[in-house]
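Q: Residue strings, one per chain:
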Amino acid sequence: MATTSTTVGRSAAFSKRAFLTILGVLIGAVLAFRLGQTIYDQVWGPEVWIRNLINGLALGAVYALIALGYTLVYGILFMINFAHGEVLMLGAMAGFFVLDASINSGFLDYNTLLTIVIVFIAGMSVAVVVGVLLERIAYRPLRGAPRLVPLISAIGASIFLQNAALQAFGANVKIYPTPQITGLSGGQRFGDVFVANTSIMIMVLAIITMVALVLLVNRSRFGKAMRAVAEDKPTAQLMGIDVNRIILLTFALGSLLAGMAGVMLGFHNRQVTHMVGFMPGLKAFTAAVLGGIGNVPGAMLGGFFLGLAESLGPTAFQIPSAYKDVIAFGLLVLILIFRPTGLMGERLSRERA
Amino acid sequence: MTAPPLLEVRDLHTYYDNIAALRGVSLTVSEGEIVALIGANGAGKSTLLKSITGLTPPRQGEIFMEGRRLNGVPAHAVVRLGVAMVPEGRQIFGRLSVYENLEMGAFTRTDTDAVQRSFDRVFELFPRLAERREQIGGTLSGGEQQMLAIGRAIMAAPRLLLLDEPSMGLAPILVQQIFRTIREINREGASILLVEQNANAALSLANRGYVLRVGQIVIEDAAEALKENKQVKEAYLGGH
Numbered sequence: 001m002a003t004t005s006t007t008v009g010r011s012a013a014f015s016k017r018a019f020l021t022i023l024g025v026l027i028g029a030v031l032a033f034r035l036g037q038t039i040y041d042q043v044w045g046p047e048v049w050i051r052n053l054i055n056g057l058a059l060g061a062v063y064a065l066i067a068l069g070y071t072l073v074y075g076i077l078f079m080i081n082f083a084h085g086e087v088l089m090l091g092a093m094a095g096f097f098v099l100d101a102s103i104n105s106g107f108l109d110y111n112t113l114l115t116i117v118i119v120f121i122a123g124m125s126v127a128v129v130v131g132v133l134l135e136r137i138a139y140r141p142l143r144g145a146p147r148l149v150p151l152i153s154a155i156g157a158s159i160f161l162q163n164a165a166l167q168a169f170g171a172n173v174k175i176y177p178t179p180q181i182t183g184l185s186g187g188q189r190f191g192d193v194f195v196a197n198t199s200i201m202i203m204v205l206a207i208i209t210m211v212a213l214v215l216l217v218n219r220s221r222f223g224k225a226m227r228a229v230a231e232d233k234p235t236a237q238l239m240g241i242d243v244n245r246i247i248l249l250t251f252a253l254g255s256l257l258a259g260m261a262g263v264m265l266g267f268h269n270r271q272v273t274h275m276v277g278f279m280p281g282l283k284a285f286t287a288a289v290l291g292g293i294g295n296v297p298g299a300m301l302g303g304f305f306l307g308l309a310e311s312l313g314p315t316a317f318q319i320p321s322a323y324k325d326v327i328a329f330g331l332l333v334l335i336l337i338f339r340p341t342g343l344m345g346e347r348l349s350r351e352r353a
Numbered sequence: 354m355t356a357p358p359l360l361e362v363r364d365l366h367t368y369y370d371n372i373a374a375l376r377g378v379s380l381t382v383s384e385g386e387i388v389a390l391i392g393a394n395g396a397g398k399s400t401l402l403k404s405i406t407g408l409t410p411p412r413q414g415e416i417f418m419e420g421r422r423l424n425g426v427p428a429h430a431v432v433r434l435g436v437a438m439v440p441e442g443r444q445i446f447g448r449l450s451v452y453e454n455l456e457m458g459a460f461t462r463t464d465t466d467a468v469q470r471s472f473d474r475v476f477e478l479f480p481r482l483a484e485r486r487e488q489i490g491g492t493l494s495g496g497e498q499q500m501l502a503i504g505r506a507i508m509a510a511p512r513l514l515l516l517d518e519p520s521m522g523l524a525p526i527l528v529q530q531i532f533r534t535i536r537e538i539n540r541e542g543a544s545i546l547l548v549e550q551n552a553n554a555a556l557s558l559a560n561r562g563y564v565l566r567v568g569q570i571v572i573e574d575a576a577e578a579l580k581e582n583k584q585v586k587e588a589y590l591g592g593h
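First to last, the sequence lines map onto chains P and E. Following my numbering, the residues of the first sequence are numbered contiguously, the last one being 353. Following my numbering, the residues of the second sequence are numbered contiguously, the last one being 593.
Derived from the structure by calculation, the hints contain no laboratory data. Where hints are given, some of them may not hold.
[Unchecked claim] Covered stretches of chain P (in silico footprint by chain E; criterion: 3 or more residues with CB under 8 angstroms from a CB of chain E, positions within the stretch not fixed):
#1 230-236
#2 241-253
[Claimed, not checked] Here are the simulated distance ranges between beta carbons:
#3 P:Gly24 / E:Arg533: 54 to 60 angstroms
#4 P:Ile337 / E:Gln569: 55 to 61 angstroms
#5 E:Gln488 / P:Pro340: 25 to 31 angstroms
#6 P:Ile337 / E:Gly377: 54 to 60 angstroms
#7 E:Asn553 / P:Pro234: 25 to 31 angstroms
All C-beta atoms in this analysis are idealised placements derived from N, C-alpha and C, irrespective of residue type, glycine included.
Model the full assembly from the supplied sequences, consistent with the hints where possible.
A: Okay, here's the thing in structure tokens:
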């Protein structure tokens with residue numbers, strides 16, 4: 001009897017692998033066929049491809065910035081900060097109010113660049129304060145509780161912040177008057193391809209920020225302490241590292257990136273509401289999981305991958321772009337089926353919880 | 354009157370939830386001493402070290418380091434008071450490089466020249482670590498990881514070094530090398546509290562020793578005398 005059951009177990013495992021392989025080949029074949037068709041029929045001119053490529057990169061850069069916040073916090077606490085999107089939203093809100101004030105006072109007309117810088121600083125500062133308060137109030141008291149508990153607390157914090165923003169700022173759409181801002185309005189023409197200035201700003205700023213972040217994590221004293229805490233908290237304490245302080249700073253860092261992303265989206269989409277953090281938050285979470293959550297380069301890769309898939313997917317496979325969310329989350333499911341730990345994830349079993 | 358001991362533990366009681374792991378432990382480590390703490394599995398040896406470093410704070414009793422009370426000092430502040438620990442199972446940072454692991458050991462130190470001298474000393478004691486300074490900690494062999502754990506503790510320039518089972522899982526030749534290094538570190542001025550199951554080796558190295566049994570000190574004596582003690586011989590030295 002024992003022999004029979006092991007044989008059954010083995011063949012079940014085999015057929016699952018075989019099934020996945022066949023499924024993978026089929027999906028790959030369908031997509032490749034459709035892509036080939038699109039290219040062969042020359043459905044789109046090169047300018048469409050390039051335009052969507054650039055849109056995808058800009059979108060991906062924003063996803064990557066947000067995803068980094070998820071992944072940094074997960075790396076250190078093994079917890080998904082589901083209120084991260086709301087941190088972004090409050091950053092975008094703060095940016096809006098500062099921008100609005102500078103327009104009304106006439107400050108913008110004389111100091112355009114300075115205004116943009118101040119709007120970013122305001123959005124990032126508010127995001128950092130919100131992120132730090134979240135950690136102190138909603139997460140730290142639950143340290144040591146089962147992992148589900150802070151997760152529920154995070155969802156609660158997310159709903160609370162959304163509704164608090166609704167009550168405080170109203171449901172009306174707040175307009176980022178990007179067209180009024182010299183330098184951010186309009187765009188650049190490269191041959192047949194028109195690129196919005198906000199897209200260029202997002203890509204340049206995001207890439208500089210990500211390079212700085214990688215250097216911070218890999219080279220700085222804080223970055224090394226953060227990695228030590230992520231790996232082994234008691235031993236990090238023996239080294240003299242104040243674990244609570246590092247966790248708080250990690251939240252601050254992730255929130256700073258979210259605030260930056262929030263202001264970027266504000267300028268790019270030209271509007272903010274209390275719901276503006278929800279979808280980008282969810283997408284960036286997807287991106288972090290795609291890349292392998294807890295992994296910094298993975299979050300960046302996942303962000304760009306998702307941005308490009310959303311933007312180029314409808315083009316490549318001739319689907320209406322209204323299906324871009326279907327593509328994003330379909331991709332998540334597919335990648336998790338074939339690589340459960342994400343594109344750059346380590347084996348989760350090695351992870352200490 | 355003699356000077357107060359470097360480390361003094363008075364009537365320590367430590368619990369895990371409601372289970373007593375230490376039940377009234379008192380011991381001292383004087384300046385320049387090597388003190389061995391031996392005992393069976395589960396006797397409370399590691400718990401005592403964790404109580405001293407603040408990782409598992411005691412429920413009752415007092416701990417003094419150079420006359421300063423350690424009770425209530427958070428674990429991350431204890432190393433600043435001159436206490437470094439080589440934890441059980443080495444616990445090196447597996448995803449940090451050898452060099453970064455050592456940097457973490459010196460995390461609280463700000464005098465860069467002195468830290469550099471500590472680096473030089475560690476690489477002198479363990480040339481193997483110098484060869485592998487850029488290698489990721491997790492890829493080192495068990496012996497190399499133990500060297501790294503000890504090197505990392507030296508980087509804190511401790512006045513008191515706590516070692517938890519440094520010989521565990523190592524080949525005899527490596528154990529010898531590690532123990533020689535411990536003596537070396539001691540000669541350079543650090544006092545040592547050594548927790549070991551390998552009682553023979555520990556007592557050969559130590560000046561004094563304590564025997565811990567189910568959370569209590571049952572014997573305390575000079576290391577030489579402990580080696581000859583009938584009870585100790587039967588329970589911890591031979592028998593197999």
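Q: Hints first: check each against the structure and report whether it holds.
A: Quick rundown of the hints versus the structure:
no. : hint                                    : verdict
1   : 230-236                                 : holds (count 5)
2   : 241-253                                 : holds (count 3)
3   : P:Gly24 / E:Arg533: 54 to 60 angstroms  : holds, 56 angstroms
4   : P:Ile337 / E:Gln569: 55 to 61 angstroms : holds, 56 angstroms
5   : E:Gln488 / P:Pro340: 25 to 31 angstroms : holds, 29 angstroms
6   : P:Ile337 / E:Gly377: 54 to 60 angstroms : holds, 58 angstroms
7   : E:Asn553 / P:Pro234: 25 to 31 angstroms : holds, 30 angstroms
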